[in-house]
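Chain order of the listed sequences is A and B.
Using my numbering, the letters of the first sequence map in sequence onto residues 1 to 111.
Using my numbering, the letters of the second sequence map in sequence onto residues 1 to 117.
Errors might be hidden in some of the hints.
Stated by the list, open to error - Straight-line distance between alpha carbons at most 30 Å, and here's what the computed DSSO-like set of lysine-lysine pairs gives:
1) Lys56/A - Lys42/A
2) Lys2/A - Lys42/A
3) Lys70/A - Lys56/A
4) Lys70/A - Lys2/A
5) Lys42/A - Lys52/B
6) Lys56/A - Lys52/B
7) Lys52/B - Lys30/B
8) Lys52/B - Lys13/B
9) Lys42/A - Lys30/B
10) Lys2/A - Lys56/A
11) Lys67/A - Lys56/A
12) Lys13/B - Lys42/A
What the hints assert, rightly or not - Stretch by stretch, here's where chain B covers chain A in the computed footprint (C-beta under 8 Å, at least three residues):
13) 37 to 51
14) 75 to 84
15) 88 to 99
For the record, the hints were derived by calculation from the structure and aren't laboratory data.
Don't be surprised by glycine CBs; every beta carbon is placed ideally from N, CA and C.
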Amino acid sequence: QKEVEQDPGPLSVPEGAIVSLNCTYSNSAFQYFMWYRQYSRKGPELLMYTYSSGNKEDGRFTAQVDKSSKYISLFIRDSQPSDSATYLCAMRTGGSYIPTFGRGTSLIVHP
Amino acid sequence: DAGVTQSPTHLIKTRGQHVTLRCSPISGHKSVSWYQQVLGQGPQFIFQYYEKEERGRGNFPDRFSARQFPNYSSELNVNALLLGDSALYLCASSLLGRGWGVDTEAFFGQGTRLTVV
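Hey, can you work out the whole structure from these sequences and the hints?
Below, the structure is given as structure tokens:
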């Protein structure tokens, strides 16, 4: 079992839909949780960052962390074709400063 | 302001050869990390350097080595290339050597696409 599990998709949604992307993890020591967006042939871009449990909102994006269930989510409201990319979750412990990445979920938003 | 720059962008090598990949961090960033991303997978950590010292090493064979220079740029070297080394190699820089936080964002370069034939 991998430390971080993420469904690779692809997830195809119509423009304007609410998108839900998720990751599960097994290491209860993870404290810092991140979401990266990666466009084709580009490097990952840090999108959201959350410490411990709770929600964080930034524009159309909301990140949620449920440490009791070892489950994190990224919600995208009013999705746009420009949101089409691979979304990678990443997380790390407080003692290690190297994040562990999920394999990424491919999102396709069609007009 | 220039972001993280990596060179070359694409590279084709033959099995058994050696390769050197280069990375220049964002100005002011003293930490550089290297990742390998195989198609369809997330980035796998290879090395982290801070102030020219190795701060972390992932589960990669000794064929992989790296160094950081006084100007904080970095090189990743891979010897005796195997077909399985074909991947996107990503460099990330950050302001501090320790971690990715609210005030310490990790910025990735565009990567070097290495193909071993």
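These are the hints, each one checked on the structure:
1. Using a Cα cut-off of 30 Å, the hinted pair lysine 56/A and lysine 42/A holds, with the two alpha carbons roughly 25 Å apart.
2. As the CA atoms of lysine 2/A and lysine 42/A are separated by approximately 25 Å, the hinted pair is consistent with the 30 Å bound.
3. Distance restraint check for lysine 70/A and lysine 56/A: the Cα-Cα separation of roughly 17 Å lies within the 30 Å cut-off, and the hinted pair is therefore satisfied.
4. Of the supplied pair hints, the one linking lysine 70/A and lysine 2/A holds, its CA atoms being roughly 13 Å apart against a limit of 30 Å.
5. Proposed proximity of lysine 42/A and lysine 52/B is supported: the alpha carbons are some 26 Å apart, at most 30 Å.
6. Our distance criterion of 30 Å between C-alpha atoms is broken by lysine 56/A and lysine 52/B, whose separation comes to about 35 Å.
7. Straight-line distance between C-alpha atoms of lysine 52/B and lysine 30/B comes to about 8 Å, which keeps the hinted pair within the 30 Å bound.
8. Distance restraint check for lysine 52/B and lysine 13/B: the Cα-Cα separation of roughly 28 Å lies within the 30 Å cut-off, and the hinted pair is therefore satisfied.
9. With a C-alpha separation of about 22 Å, the suggested pairing of lysine 42/A with lysine 30/B holds against the 30 Å cut-off.
10. The suggested pairing of lysine 2/A with lysine 56/A holds, with an alpha-carbon distance near 26 Å, which does not exceed 30 Å.
11. At most 30 Å may separate the alpha-carbon atoms for a hinted pair to count; lysine 67/A and lysine 56/A meet this at roughly 14 Å.
12. In summary, the hint linking lysine 13/B to lysine 42/A is supported, as the alpha carbons are separated by about 21 Å, within the 30 Å threshold.
13. Check result for the segment 37 to 51 of chain A against chain B: holds, 8 residues qualifying (beta carbon to beta carbon below 8 Å, three or more required).
14. Proximity of the segment 75 to 84 of chain A to chain B, defined as three or more residues with a beta carbon under 8 Å from a beta carbon of that chain, is not established by the 0 residues found.
15. Interface restraint, the segment 88 to 99 of chain A with chain B: holds (7 residues with C-beta to C-beta distance below 8 Å; minimum three).
Consistency with the previously given hints fails for numbers 6 and 14, ordered from lowest to highest.
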